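> Reconstruct the complex from the two isolated chains, following the hints.
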Amino acid sequence: MFCEKCGTMVPDGTKFCTSCGAPIPEVQPQQADVMQAQPNQILQAPVAAQSNGQYTYQTYGEANGAYAGQNNGQAYGAGYANGQPYGAADNIKTISTWSLVLGILSIVFSIALIYVFGLLAALVSIGMGVVGIILSIKVRKASFNTKGTSALVCSIVGITLGVIMTFGCLKCGACMGASNYYGCVGALYGKHSAVRKGIDLYHDVTDIYDTVDEWSDWDEWSEWEDWDDISDIMNDLDGIVY
Amino acid sequence: MYPYISIYNEIKIPTYGLCFIIGFLLAVIIAVRGAKRRCGSIFVGGENFNASEMASFASDVLHAALYGLIGIGIGAKAFYFFSKVPRILLNFDTYIRLWKLDKLAALDYAFGGLVFYGGLIGAVLGALIYCMQYKVPFWPIARIYTPLIPFVHGFGRIGCFLAGCCYGKEYYGPLCVNYPYNEIAPRLCEVPRFPVQLLEAGMNFFCAIVLFILARRNCDNEIEDCGQSTLGARANASYDDKTNDFEVKCSQVSAQRLLGFYLLYYSVARFFLEFLRGDLERGQYGFISTSQIISLILLPVGIWLIIKRDE
Numbered sequence: 001m002f003c004e005k006c007g008t009m010v011p012d013g014t015k016f017c018t019s020c021g022a023p024i025p026e027v028q029p030q031q032a033d034v035m036q037a038q039p040n041q042i043l044q045a046p047v048a049a050q051s052n053g054q055y056t057y058q059t060y061g062e063a064n065g066a067y068a069g070q071n072n073g074q075a076y077g078a079g080y081a082n083g084q085p086y087g088a089a090d091n092i093k094t095i096s097t098w099s100l101v102l103g104i105l106s107i108v109f110s111i112a113l114i115y116v117f118g119l120l121a122a123l124v125s126i127g128m129g130v131v132g133i134i135l136s137i138k139v140r141k142a143s144f145n146t147k148g149t150s151a152l153v154c155s156i157v158g159i160t161l162g163v164i165m166t167f168g169c170l171k172c173g174a175c176m177g178a179s180n181y182y183g184c185v186g187a188l189y190g191k192h193s194a195v196r197k198g199i200d201l202y203h204d205v206t207d208i209y210d211t212v213d214e215w216s217d218w219d220e221w222s223e224w225e226d227w228d229d230i231s232d233i234m235n236d237l238d239g240i241v242y
Numbered sequence: 001m002y003p004y005i006s007i008y009n010e011i012k013i014p015t016y017g018l019c020f021i022i023g024f025l026l027a028v029i030i031a032v033r034g035a036k037r038r039c040g041s042i043f044v045g046g047e048n049f050n051a052s053e054m055a056s057f058a059s060d061v062l063h064a065a066l067y068g069l070i071g072i073g074i075g076a077k078a079f080y081f082f083s084k085v086p087r088i089l090l091n092f093d094t095y096i097r098l099w100k101l102d103k104l105a106a107l108d109y110a111f112g113g114l115v116f117y118g119g120l121i122g123a124v125l126g127a128l129i130y131c132m133q134y135k136v137p138f139w140p141i142a143r144i145y146t147p148l149i150p151f152v153h154g155f156g157r158i159g160c161f162l163a164g165c166c167y168g169k170e171y172y173g174p175l176c177v178n179y180p181y182n183e184i185a186p187r188l189c190e191v192p193r194f195p196v197q198l199l200e201a202g203m204n205f206f207c208a209i210v211l212f213i214l215a216r217r218n219c220d221n222e223i224e225d226c227g228q229s230t231l232g233a234r235a236n237a238s239y240d241d242k243t244n245d246f247e248v249k250c251s252q253v254s255a256q257r258l259l260g261f262y263l264l265y266y267s268v269a270r271f272f273l274e275f276l277r278g279d280l281e282r283g284q285y286g287f288i289s290t291s292q293i294i295s296l297i298l299l300p301v302g303i304w305l306i307i308k309r310d311e
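Just so you know, the sequences run in chain order P and Z. Start counting the first sequence at 1; every next residue gets the next number (this note's numbering). Start counting the second sequence at 1; every next residue gets the next number (this note's numbering).
Treat the hints with care, since some could be wrong.
Unchecked claim - Think about it this way: if two alpha-carbon atoms lie no more than 27 Å apart in a straight line, the pair counts; the simulated BS3-like pairs of lysine-lysine are:
#1 Z:Lys135 x P:Lys147
#2 Z:Lys135 x P:Lys138
#3 P:Lys15 x Z:Lys36
#4 Z:Lys135 x Z:Lys308
#5 P:Lys147 x Z:Lys36
#6 P:Lys93 x P:Lys138
#7 Z:Lys77 x Z:Lys103
#8 P:Lys15 x P:Lys138
#9 Z:Lys103 x Z:Lys36
#10 P:Lys138 x Z:Lys36
#11 P:Lys138 x Z:Lys77
The set of hints was computed from the structure by calculation and includes no laboratory data. On a predicted model such as this, the values are computed, not experimentally measured, just so you know.
The shape of chain Z in the complex, shown without the other chains (with noise of 0.2 Å):
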């Protein structure tokens, strides 16, 4: 319905990408303050880190989020790309035809969509390059972006509701929504149709929270480095001979469980959010869709993050 939203009616900025980029925005400036205190905030728990280590991680944090940003568009497009080419392979003399007819129209056909979950395996692939070329450990940055990675799809959602793609079901129940004509997908206004776009939003906000409050750090007393004392802490703490100091125990999911469990809860609710999808254009396998294929495959890598041993 609104698929741009225009500067005095001149400059047309696509709706989807500008929530993209807000959201983006939002999560990598919520990272990196979070990442710049040793206590973290509440969006963030804060790390085990000491001065030196300190000193380059909000920086560290800053350009794997660049990276991911380059993995993203990378990722997206390449696997929209492996979702059209079944169907280029088996068609190839008619898309041969419409390639010598409009090249403009047919590298769109091939290119002109982005998948979530290649953005996603791109954005981790573009982080662990950074660690790795930089030699920096990666699951610290993993758990800062963990809850943001729902963060960040969901205000993509709301830009897929307001742009009119990834569409619902036909349905005529309470809720339905009628877009108006759109020519990007013609077939959009047709029938009343299902907010799924959302309902998806709402699942990934209660996501992000959810993940939000896992990743916190609780010390069991407050007498971290943050500038909070408790009278009486130090006398709570237990004394390590070895240090000659006094140690602060402080508990957290591990990093890797994190993103298991945000791998298992997003590829079981994509599963059965797909069933109530009506854009069928997006690759269709028989009864089972591209993204469905994609959450089987990455539902068991959540459950192997989980059980596995911490690394």
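Isolated chain P, as found in the complex (with noise of 0.2 Å):
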């Protein structure tokens, strides 16, 4: 049963509204299963379906073209217009799989891909997750299920890994700092000079020569020489004089 005036899903027999608190009249609205469709009733619905007491539904074949039309400029004022409550809206099925999915994505990006992808992972997640807890807000507010509540934990999850991750990946320093927008496994396999060196030497002293060609054209130390140009840039801009 839908409250009529904020649209929202209560259990039938309730008195109040959870949402607005509006009264909900005993009697039971006939539930017309075919509403009648004609264009301009989409816009002026409000005041049709209150002044004649029915509360019709809008199938879900027959008047969904223009629905839909409808639903990508005013989604809120095309639901109320239309009959059709603010949560039940006919997407709120996939907004619920969409919300867990982005919810286990951003978990599974900070800690697995975060190796492959480095600090792009972790950015890419917190994001993920942000979009998750938007949309699992969503579906709990349209109904309590355990479905919209697990999006709900596993989006929280994968922004918490996320920002740790994020701070971890640009302070660790395994690989030096020179490369963590390739992720852990391209630096430690050759994308960095310095690391190159660093494993090279490592491989010197262990004696495997297997690897060693994969590194034999080193570059120079190039990039660390400007680290001293790089922290003289910043306090020049921060304007601080030693």
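Right under this line is the structure:
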């Protein structure tokens, strides 16, 4: 049963709407399966629906084209105008699935993919977690089910891990700070000359010669010579004089 | 001094983030548990809600906290970026040189920091956006969260103290702090410093206690449906002829006045505490720092909220 005022779905027999507090009449309104499909009724429907006391549904198939077209421009207004409740938007199931998917993906990205894609994976996981939170809250407001709550929990965990991994990646230093946008894997296998030099040294010491050929064409340590320049520039920008 | 707390010496967790998360989790737990009870808890004052409103109030409090968390992240980073934009624009060619040398250092310069005021404004905006999107009243949520803002902020300041950011001026008196070398803030260890972060944390917790006490709801008899009753209380309650029921009169500081008190207190305190800060890199215009400017802007906002007629 839907509240006439705000459109939230409430269990049958509830006296007051759990969302807006409006009293719900005890008489069960006639739930017509077929809506009189007139195009201008979509925009005028709030007056029409309340004046005759009928609470009409819109069938999925019949006015679907008009509703979908309206949906892009003015989602909430069209939803109320059609007599379709806010929470039971026809894509709520899609939203709930997507929110769960985003939540789980954000966890996966922040833990597993950071080793391959580095900092980028952590930032992407934060973004997905944010969208996951927004979508899962939308699902929860429509109806409290375990899918929405689990999506919310996954998104929160994903964001937290993403933030932790962002800081961890920035300050970790295992790839000596040089290739955190290639990930740890990229760093350790020859993306940066300094890392290459270090690993080569290690291999010299431990007599593993079969991989030396990969690093035979060294670059100079040009990036590292610029380090003093970098900190000087940042101090210049801050206007600090030592 | 402890910029990271390590797990088995392998996984490094930044201390500031850890302290903030602990404070935020505690705050959300306090808020949601207090929101579930009609008469509130020791930390939450309770609202005059009927049953149907109560049903969704606790979940609204939780959702508003999440929107606020997103707002904190965006707002704090955005304010830091705004505080750096004048410097970047004034030395644009230098910044381009830095960008070419090391993109990550350039991004770190522009975005690598947080400003509390940005987080505060972002949190309030986040909760407001949530309330506007789902058509939920904002002020009951604000009343629950207003005393929790300095509560969380105090935890954050303790994290600042442990991490060595937001440090104080050079100071040789009692309780001065000597930090060990920290590559994030190289000038931190040069001189002993005033523990201004601890002072701010104390000031914030004091504010939180005052606001918790102010936000309480006082009913003229204890008969609110919290399971408490006092003998003869029904005899004292006034009988309302319209609803044919006894009316319990409760008084409570209005939520917007509470928020106004917090803004008033914090902007004044922050303005004066800024003089004890020693980290100049956070943005300075002559004698006034960015946070002092924002304090001067928020002070009349707080006064306006106190004086304004209740919504």
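> For the pair we were handed, Lys77 of chain Z and Lys103 of chain Z, check the Cα-Cα distance against 27 Å.
With a Cα-Cα distance of about 18 Å, the restraint between Lys77 of chain Z and Lys103 of chain Z holds, given a limit of 27 Å.
> Check whether the Cα positions of Lys103 of chain Z and Lys36 of chain Z lie no farther apart than 27 Å.
With a Cα-Cα distance of about 49 Å, the restraint between Lys103 of chain Z and Lys36 of chain Z is violated, given a limit of 27 Å.
> Can you confirm whether the C-alpha distance between Lys147 of chain P and Lys36 of chain Z stays at or below 27 Å?
Since the Cα atoms of Lys147 of chain P and Lys36 of chain Z sit roughly 22 Å apart, the hinted pair holds (cutoff 27 Å).
> Given the hinted pair Lys15 of chain P and Lys36 of chain Z, is their alpha-carbon gap at most 27 Å?
20 Å, holds
> Is the hinted pair Lys15 of chain P and Lys138 of chain P satisfied, with a Cα-Cα distance of at most 27 Å?
24 Å, holds
> Keeping to a limit of 27 Å between CA atoms, is the pair of Lys138 of chain P and Lys36 of chain Z held or broken?
20 Å, holds
> Does the alpha-carbon distance linking Lys135 of chain Z and Lys308 of chain Z stay inside the 27 Å limit?
23 Å, holds
> For the pair supplied as a hint, Lys93 of chain P and Lys138 of chain P, is the alpha-carbon distance within the 27 Å limit?
Given that 27 Å is the threshold and the Cα spacing comes to 11 Å, the pair holds.
> Between the alpha carbons of Lys135 of chain Z and Lys138 of chain P, is the straight-line distance 27 Å or under?
12 Å, holds
> Is it true that the CA of Lys138 of chain P sits at most 27 Å from the CA of Lys77 of chain Z?
Satisfied, since the Cα-Cα distance of roughly 26 Å is no more than 27 Å.
> Decide if the proposed pair is consistent with the structure: Lys135 of chain Z and Lys147 of chain P, CA atoms, cutoff 27 Å inclusive.
23 Å, holds
Consistency with the previously given hints fails for number 9 only.
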